[in-house]
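Residue numbers (numbering that gives the first Met the number 0), protein chains in the order written: chain A, 0 to 896; chain B, 0 to 286.
I should point out that these hints are in silico values taken from the structure, not numbers from a laboratory.
Do not take every clue at face value.
As the list claims (entries may be wrong) - Cβ-to-Cβ under 10 Å is the rule here; a few derived chain A residues that face chain B: (1) Ala38; (2) Gly42; (3) Lys372.
Here a beta-carbon is modelled for each residue, glycine too, at the ideal position from N, C-alpha and C.
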Amino acid sequence: MIGFASPLILLALVAVPVLWFLLRAIPPAPIKRRFPGVALMLGLVDEDRQAARTPWWLLALRMLAVTAAILGFAGPILNPQETALTRTPLLVLLDGGWAEAPDWPQRLAKAQSLVEGAGRLGRPVAVAVLADAPQAITFQAADQVQGRISGLTPRPWLPQFMPWVAALPEGEFDTAWVSDGLSHEGRPVLAVALQGRGALTVLTGTAPVVALLPATTESGKLKVAALRHPVGEGPQTLIARGPDPSGQDRDLARETLNFAGGKAEALLDLPPELRNRVTRLVIEGAGSAGAVALAGDSFKRRKIALVSDAAEGEGLQLLAPLHYLRQALAPSADLIEGAVADVVPAKPDVIVLADVATLPGAEAEALKAWVEKGGLLLRFAGPRMAAADMGDDPLMPVRLRAGGLTSGGAMSWGAPKGLADFPDSSPFRGLALPTEMTVKTQVLAEPDPDLPDRTLAALDDGTPLVTRKTLGLGQVVLFHVTANAEWSDLALTGLFVQMLERLAVSASGGAAPGSLIGLTWTPKRLMDGFGTLRDAGGLAGVPGATLARAVRGGTFAEAPPGLYESETRVVAINAVPEGFIMAEAGWPEGVTRGDLSLPQERALKGPLLALALALMAVDILATLQVSGRLARAAVLLLALALPHDARADDERAIAATQGVVLAHVLTGDATVDDTAQAGLQGLSDELMYRTAVEPLAPMGVDIETDELAFFPFLYWPVTADAPVPSAEAFAKLNRYLRTGGMILFDTRDAEYGPNSPEAEALRRIASGLDIPPLEPIPEDHVLTRTFYLLQTFPGRFSEATLWVEAAPPDAALAEGMPFRNLNDGVTPVVIGANDYASAWAVDGDGLPLLPVGRGMAGEEQREYAYRFGINLIMHVLTGNYKSDQVHVPALLERLGE
Amino acid sequence: MSLQDLRARAEALGHALPPLLAEAERLAQAVVWGEHGRRRAGRGDDFWQYRAAHAGDEYRSIDWRHSARSDGAYVREKEWQSAQRVTLWVDPGASMSFAGQGRAPKSDRARLLALALAVLLLRGGEQVGLAGAERPRAGKGQMLRLIERLSLDLSDADYGAPLPGSFSAQGRAVFLSDFLGDLAPLQAALSEASAQGVRGLLVQVLDPAEEDFPFSGRTVFTSMGGSLTHETQSAGDLRDRYLARLAERKARLADLARAAGWQFLSHHTGDAAQSALLWAYRGLEGR
């Protein structure tokens with residue numbers, strides 16, 4: 000089925016038959032003339048033969064092209080979407096929870112196509128995401144809604160339906176509900192409410208929704224459970240991700256989840272080092288917040304060192320100071336036991352000192368340093384501590400009064416004390432107080448102004464039970480009772496474990512709701528609907544009770560999943576709560592079901608217009624063919640396409656290789672180029688007169704296009720606006736310099752000094768060239784004696800320094816010679832500023848073209864300029880021959896022997 | 000044919016005659032009249048030359064007055080004068096009815112030239128006739144007959160050709176035509192004419208349009224009678240080749256004329272008739 004976006008354009012098809020006649024009339028009807036001279040014309044054949052009538056196939060081609068263009072502009076759509084012609088408003092609902100994240104683009108596309116379809120029918124549309132807080136639904140024109148759809152993202156929580164029931168707009172409307180197909184609370188209610196307003200179509204996807212339940216630790220292993228709906232077939236991969244030793248986030252472990260009946264469980268047995276780095280568990284390819292289980296602290300297996308003075312094995316096991324600690328910590332921590340000196344180097348997270356009174360100085364220092372670097376020192380009181388004079392120990396949070404306090408015993412007046420409510424600042428706040436717990440004996444703190452601040456828990460009568468002080472980055476916590484049941488019942492209660500947890504000594508799997516309440520949690524990193532963690536930025540803290548609700552019943556807008564921080568603890572709030580169940584949603588009777596597959600709606604405009612263009616292109620060829628001009632056009636195109644005749648290049652190459660040809664680089668400035676040409680001509684003439692070098696007429700070269708290899712010497716007058724050569728030209732120049740060519744750069748600006756625009760231009764050019772280190776020409780440079788003995792190198796100017804390749808630093812003075820032993824020193828570049836070409840330049844009669852200096856002195860300067868030129872060319876052509884003459888005495892001597 | 004119609008045609012004819020004649024007369028006036036000498040010795044009134052008398056000359060033929068100036072005897076020769084029989088042929092073919100933009104048909108110019116020539120010749124005492132229609136006669140009456148004949152409508156045939164056997168032997172002939180048709184009849188007529196000792200002139204009357212060929216575009220060319228057609232897609236492209244053919248035709252005509260001892264002139268209706276008349280008159284006067 001084909002629909003049209005703008006069907007009115009199809010009316011233009013009426014014009015196609017008219018076109019038939021128009022096209023047929025081409026070529027135009029002949030003019031009839033009476034003309035006696037016709038007798039002379041008999042037998043003359045038209046040179047440009049045109050068909051008297053357009054061939055039918057060409058006509059058909061053109062009509063086809065026009066038809067295709069008209070159809071194309073009418074915007075044909077294959078399988079357009081609208082089914083019923085109705086003007087009822089359409090409400091497009093998206094569940095918008097994380098369960099929809101895996102196929103979110105498909106869902107958006109579906110929503111988009113629904114809106115587009117409604118737009119074609121002129122139906123007002125509204126789009127709402129049910130995971131968001133309910134808001135007023137207003138029906139708008141489709142094109143206003145369309146832009147918004149692509150910006151929608153799934154929420155990392157599940158939709159809440161009940162609030163929306165009240166938010167539905169008045170009046171009749173149809174609903175298309177793009178749903179995750181899972182049963183959520185209130186879905187049937189909303190569905191029935193929607194049915195009351197009009198037709199309800201439910202569109203569900205086929206992609207399975209996978210939920211990863213919060214991971215728990217079980218005897219050192221990570222226990223993971225996953226749910227899948229629909230049940231489906233095949234395993235999925237669980238990935239444990241976290242930073243590698245270099246801090247890069249990467250896959251730390253993989254495990255296969257074999258689903259059976261929609262459930263799968265896996266145990267991840269990881270070495271503690273690896274497991275401590277796991278920050279989250281992810282189901283590969285799921286791409287939703289539900290398929291991510293964040294770790295927080297919960298996977299972390301802390302290293303806890305237990306230190307006790309009491310010799311093991313002497314007493315009963317249950318009386319051992321460390322027994323209860325061991326029991327409480329063993330499931331979630333790696334325990335080390337030993338003396339302080341032994342455990343500190345193991346870098347434990349926590350060191351527990353059970354009834355250790357005083358430490359030797361070295362150990363105390365080591366322990367203090369460890370605490371200051373962030374360690375948590377947990378101390379328990381005991382008979383030894385009570386007996387010892389602790390004094391002002393820096394490793395104690397408070398000063399202790401010598402001797403303990405016993406209450407409720409046979410010798411005491413009072414009854415055993417219970418616990419008082421935790422102060423607001425205490426990390427224990429929110430923990431339930433066990434009623435039956437009593438403290439019989441404890442150590443007492445000296446009254447101190449800091450004491451209330453340092454008290455984390457106190458007894459009914461206000462005596463501190465747990466005190467804490469920070470030391471450097473770490474902290475020292477003292478339980479004023481023993482770690483066993485000797486002094487109090489504390490170690491026997493669940494509270495003890497919770498207190499240890501809150502002190503981040505231990506961590507049970509996951510964030511237990513109870514451990515959250517009462518604290519304010521700052522979001523650190525939050526997860527979006529696709530399961531990606533992002534920095535939370537400066538979001539306000541969330542009350543523990545809210546988080547606890549999220550932990551119990553799944554996340555919601557106020558408590559999005561992510562990592563939350565309170566003091567030193569980090570809890571992970573996962574999108575999927577413990578005990579989450581996925582079930583097929585139940586829909587009321589009369590609901591139309593559909594899937595996300597888009598109708599194969601294809602806009603044919605593009606292909607049709609392309610077809611029209613292609614036909615027109617064919618028409619051009621065909622027209623050329625019919626008029627017999629195809630061959631000519633082809634030849635013309637070929638001629639244009641073919642590269643230019645290489646013969647000119649060959650002729651140039653032959654001319655350049657007939658003999659020695661001096662060359663200058665064409666700058667584009669006609670005056671400079673002419674001067675350079677005349678200068679090289681003058682130099683060539685002088686070489687011819689005075690030396691065995693007989694150069695041919697100099698040539699100008701374009702460094703971009705011409706071959707340089709033919710020329711032993713390039714004179715390069717640098718102009719201020721000289722363009723920087725292209726990369727290819729640089730490559731060519733460098734090749735030229737490497738293979739023995741020489742370039743004389745002449746900035747012709749000796750009067751302006753070294754910072755003239757020309758010098759700038761030279762720097763630009765030279766930056767791309769492979770130029771060795773340069774130095775002002777030394778007195779003993781071979782250039783000073785290749786033909787003439789020279790010490791000045793004037794051109795039209797004589798002030799500027801001439802720069803040549805620097806001599807090797809280890810050049811030594813040759814024996815018996817006034818110059819150094821410089822072999823193989825053919826400088827690839829010579830840089831001067833004396834405007835040499837102008838001094839050398841001659842006109843057609845061989846007379847100097849430009850004045851140099853004044854009077855006879857000027858003529859002498861010109862002579863020296865020529866001498867320099869001759870020396871230079873000699874240097875180019877003979878290289879270091881003159882330098883090699885250093886060896887002549889040695890060679891003669893050797894020959895004599 | 001109704002009387003009305005007949006009358007209208009008669010009137011038209013009557014109207015056509017005097018202007019044509021008047022114009023021919025006016026044209027002829029412009030030609031300075033001289034004795035119609037033959038430019039050789041013969042019977043006549045005009046002095047031709049003195050020559051030395053030789054045996055066989057009659058005494059009375061010696062010009063004594065001249066001879067008395069010297070020792071020898073001279074005979075005074077007179078220029079030969081005789082009445083010429085001139086046959087005119089004006090192409091009656093339909094092609095002569097062609098007229099370029101804003102110009103008179105070629106036939107008008109041809110008739111004008113023929114009549115003007117006739118006026119001149121008759122006035123000079125020559126006998127003028129029309130090929131195939133009027134035998135050469137002298138006198139004013141002949142003028143009217145010529146006009147009558149020339150005023151006839153052109154034939155339906157596209158291109159006319161002179162009929163054989165229509166010349167007076169040893170006479171003169173003037174052919175006025177566009178010579179665009181088949182040249183074979185003309186060639187036959189010329190060879191017959193030269194066999195009879197007839198000399199003459201070929202005057203090709205062309206419209207400037209035929210020289211310039213100012214056409215372009217897709218065109219169907221039809222001859223004036225409609226017997227020939229030629230269609231072209233681009234008349235402009237044909238121009239050069241048409242002009243080449245026209246030049247070739249002229250060269251051919253000139254060749255034919257030279258071979259038969261005739262003279263050839265190409266005359267355009269856009270030019271003044273005077274020059275052509277002068278040329279024709281000189282051409283008839285000469286030799």
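Which numbered hints fail: 3
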